[in-house]
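These protein sequences, in sequence, are chains A and B.
Note that my numbering numbers the first sequence so that position 107 is 107, with each residue one more than the last.
Note that my numbering numbers the second sequence so that position 95 is 95, with each residue one more than the last.
Derived by calculation from the structure, the hints in this document are not laboratory data.
Just so you know, these numbers come straight off a predicted model, no measurement behind them.
Errors might be hidden in some of the hints.
[Unchecked claim] Restraint-style ranges between C-beta atoms, simulated for each label pair:
1) A:Trp-64 with B:Thr-388: 20 to 30 Å
2) A:Gly-110 with B:Gly-281: 34 to 44 Å
3) A:Leu-59 with B:Lys-320: 26 to 36 Å
4) B:Thr-241 with A:Val-153: 40 to 50 Å
5) B:Gln-391 with A:Gly-110: 55 to 65 Å
6) A:Gly-131 with B:Thr-190: 28 to 38 Å
7) A:Thr-84 with B:Ala-22: 54 to 64 Å
8) B:Ser-363 with A:Leu-10: 32 to 42 Å
9) A:Ala-90 with B:Gly-193: 50 to 60 Å
10) B:Ala-291 with A:Asn-187: 34 to 44 Å
[Unchecked claim] To be clear about the criterion: a stretch of chain B counts as covered by chain A if any three or more of its residues have a C-beta under 8 Å from a C-beta of chain A, and this derived list gives those stretches:
11) 93-99
12) 112-119
13) 187-198
14) 256-270
[Unchecked claim] Some chain A residues close to chain B (C-beta under 10 Å, calculated; not the full set):
15) Val-118
16) Pro-126
17) Gly-136
18) Val-216
19) Asn-217
Note that beta-carbon positions come from the ideal geometry of N, C-alpha and C, so glycine has one too.
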Amino acid sequence: MPVQVLFGQLLLGLINGSFYALLSLGLAVIFGMLNVINFAHGAFYMVGAFLAWMALTYLGVNYWAALVLVPIVVAILGMIVERTMIARLAQLDHLYSLLLTFGLALMIQGVFRNFYGVSGLPYSIPGELAGGINLGFMFLPNYRAWVIVASIVVCTGTWLLIDKTRLGAYLRAATENPVLVGAFGINVPRLITLTYGFGVGLAALAGVLAAPIYSVNPDMGADLIIIVFAVVVIGGMGSILGAIATGFGLGIIEGLTKTFYPQGSSVVIFVIMAIVLLVKPAGLFGKVA
Amino acid sequence: MQLRLVLATAAVALLSAAPALAIDVKIGVLNDRSGVYADLSGEGSVIAAQMAVDDFKAADKGINVSIVSADHQNKPDIASSIARQWYDQDGVDAIFDVPTSSAALAVSQVTKEKNKVFIDSGAGSTDIVGKSCSPNTILWTYDTYALANGTARTLLKQGKSSWFFITADYAFGQALERDTAAIVKNLGGTVTGDVKYPFPGSDFSSYLLQAQGSGAQIIGLANAGGDTVNTVKQAAEFGITKGGQSLAALLVFITDVHAMGLETAQGLLVTSAFYWDRDDGTRAFAKAFAAKNNGKMPTMVQAGVYASVLDYLKAVDATKGKDSKAVLDWMKANPTDDPLFGKGSILANGRVLHDMYLYQVKSPAESKGAWDYFKLVDTIPAKDAFQTVEQSGCTLG
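Please model the complete structure; the sequences and the hints are all you need to start from.
Structure (structure tokens):
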């Protein structure tokens with residue numbers, strides 16, 4: 001295998017890792033703060049891509065505007081879902097919210113499938129990012145480079161927000177002891193609703209980023225969500241940094257598998273997950289409870 | 001006296017109007033109604049079957065047709081258990097459509113066991129009429145040989161002789177690569193390599209990069225549906241065609257082109273058995289079909305369901321019954337003729353021979369509107385388009 005090809009594959013792995021990181025980050029944030037295993041995450045990612053397509057097709061809203069507006073719209077939808085449904089299950093076992101979000105995902109997908117079919121819809125790469133650069137060892141489309149940059153910026157920003165700011169401190173405290181934090185005059189339920197909105201907003205952002213690369217279709221989230229869950233489990237449930245690092249790392253490992261043993265590329269992440277669970281049940285970055 | 005005359009006249013009128021013997025026929029449309037192939041078959045195939053029944057004026061000919069449909073989810077086990085239930089309990093006489101080759105092979109097996117009729121439109125593996133052929137199975141629309149034959153032959157004629165395959169790793173993809181590679185080698189071309197990826201995939205950049213590195217002139221895509229859409233989209237993104245290599249998507253449905261958009265799909269060669277805008281007959285059908293199908297034009301699979309139901313009903317009408325053997329014998333003995341596929345015939349192994357067409361996808365500038373996607377490059381006459389019974393490896397006939 002020539003070194004050039006290897007560099008190319010590493011870079012491609014990093015691009016896929018960007019999506020894994022963005023999605024698993026949202027999942028980790030939600031799990032960390034709400035203790036909800038959000039199975040609807042893939043559906044919100046798909047809705048993000050669809051809203052970008054709808055905004056362009058029906059309203060003429062371009063990609064850059066969609067990149068900002070769609071995550072906000074989806075975050076609001078997410079907050080409504082959290083307030084009206086998920087919050088009611090907060091006192092119950094994890095399984096109930098898992099089933100609720102799983103059912104929601106199936107319903108959302110079913111509705112989109114009914115109206116838009118399964119073949120997918122076209123969404124073009126924005127003119128500013130068309131074309132690419134020849135790196136010598138490979139042709140890197142500008143759009144993919146942009147995806148990596150956007151993902152790194154958003155992931156770092158989120159990590160800083162939660163680990164280094166006062167708002168993040170409230171959030172972490174509310175996870176540890178909601179009653180005490182409430183006693184200090186902080187509206188814990190509102191904090192939780194905002195967190196859920198933020199998490200699914202990240203999923204929608206990933207959806208908008210994905211729209212020009214993959215075909216926009218109702219099953220795009222369902223295909224991805226299982227892998228993303230494996231990423232979160234490997235990184236350690238609820239660990240922000242773990243989700244980001246594992247996302248990028250597994251993207252690269254998967255990319256290499258596609259080169260050396262393509263038949264194994266669909267299972268490699270799950271093999272790693274099984275090994276990690278055996279050796280370090282709390283995940284690579286997780287704290288033992 | 002007068003009353004008696006009136007009654008007698010009425011009785012005569014009734015007698016002459018009522019057919020000699022009414023035949024009840026139940027047909028089942030079995031396909032993918034929720035997964036990757038739902039748009040190219042799905043409810044559209046049921047609409048097509050109903051249109052065939054209406055256009056044939058079956059009721060006027062004394063044939064009462066009822067249609068049932070089900071979702072096989074592209075799984076062979078589900079497909080065969082539905083087929084079994086339809087034949088055993090629900091009184092279904094013939095099954096139509098059945099995309100996904102593995103599911104089609106399963107239904108073919110059950111149909112043979114129960115001595116019913118199975119006319120496939122959606123699946124493509126040549127094995128259905130080849131080494132796994134059955135006297136009860138007919139394959140109407142296309143197959144992997146015909147696809148390879150149409151696209152590969154033309155590209156080799158243009159001097160594109162070295163090939164690299166990106167292949168979906170399941171029955172259909174493997175058959176398509178095998179049949180295409182055989183034609184490429186027969187005509188003096190070379191296959192420089194291949195990559196078999198787990199089906200279905202979503203990110204193809206890694207495979208495309210390997211194909212690029214191979215230096216082959218043609219990158220053959222032995223996959224279908226959403227996988228093809230994503231591969232073509234990503235190939236454009238990575239500048240594959242700008243680097244001098246060409247893509248050969250071996251199976252492209254019009255719904256795939258719709259999903260890619262012309263900007264991405266333009267220039268692709270498409271081997272197809274049917275295109276809605278070919279002549280007055282196909283346009284009339286397509287217009288009526290689209291009105292019932294949310295404005296979506298028919299795919300060749302849906303057109304195949306229409307034509308095959310029509311031919312089956314002709315056979316029922318001609319043999320005045322629905323005995324499986326009599327109907328199948330009649331179909332194989334008589335030429336086929338319908339507005340969508342024109343004149344054709346059915347071989348002993350069940351392969352329907354009709355013209356195939358090589359189209360090229362129009363550029364956005366050439367297209368006059370929605371669904372105006374293909375321009376004709378070449379017509380492949382029925383006798384050259386498909387394998388003969390001997391070539392197929394089927395021992396029937």
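Practice item. List, from low to high, the hint numbers that the structure doesn't satisfy. Key: Hints 1, 3, 4, 5, 10, 11, 12, 16, 17 contradicted; others consistent.
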